[in-house]
Amino acid sequence: MTAIAVQTQLTPEEYLTWERKAPFKNEYLAGQIFAMSGASRAHNLITGNIFNGLYNQLLNLDCETYTGEMRVKARPITSYFYPDVAVVCDEPRFEDDVFDTLLNPTVVVEVLSRSTAAYDKGEKFESYKQIASLQEYILVSQDRVNVERHFRLETQWRAIEFQELADILLLDSIRCELSLDHIYRRVKFTDTP
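Numbers in the numbering used here are just positions in the sequence shown, counted from 1, shifted up by 1234.
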C-alpha cells in the first residue's frame, strides 16, 4: 500500500476518534497522518498468501492472525499502523472495548512498495521495535523475490534475507514456516523499474 503524508497534526486521541469514522485507512506517526492508498495485484496476492499460510498453520493453536484491517499501536511515541498481516500468540490485548487496535502483536508483516519501502524499513520499524511483545518483523518485496526477517534476539534485532523461491522463511516465535514459493504464488514480476 502507498502512504501519503497529510499535513494534519492530531493528538493520539483525536486521531483514533477521527480514524474510526474515516471512510479509508490512515496511519499515524507522532502526530502526522499518512493516508493509505489502494494496493496492487502483487501486494494483494502476497498478503493473501502469507495470511493463508499462517492462518492454516495456527488454526488449532492459541494464536490469532489478522489482515491489514487490524490497527496496531506502538509507543513511546504513540503511533498507529495497519500492518499487512499481524499475528498474536498470547491473549490479544486491545486499546479499548472497540477491539480494533492491537497492543501486543508477536509477528508483523509489511509488503513493500517503492513508495513505502523506506518508511517501512525506517520510521515504522523503529516504532514497531518499541512493542515489547513483537518478536519478528517481516518485510516482503512485491517487485522481486526478496524477504527480510528481522527478529529480536534478547535486546538486539538481527536480520536474515531470502532471495530464492526455494528458500523457507522460518518464524520461530510462532513456530511456522512459509516457502517463498508460497509467498509469491501467482505473482508475476516485470523487469521495468
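One thing to keep in mind: the hints can contain errors.
As the list claims (entries may be wrong) - Mimicking BS3-like on lysine-lysine, the simulated pairs with C-alpha atoms at most 25 Å apart in a straight line are:
#: 1; residue 1: K1259; residue 2: K1363
#: 2; residue 1: K1355; residue 2: K1422
#: 3; residue 1: K1259; residue 2: K1355
The hints are simulated quantities; they were obtained by calculation from the structure and are not laboratory data.
Hint by hint, here is what the structure shows:
With a C-alpha separation of about 22 Å, the suggested pairing of K1259 with K1363 holds against the 25 Å cut-off. Distance restraint check for K1355 and K1422: the Cα-Cα separation of roughly 24 Å lies within the 25 Å cut-off, and the hinted pair is therefore satisfied. Distance hint between K1259 and K1355 is fulfilled; the C-alpha atoms sit about 20 Å from each other, no more than 25 Å.
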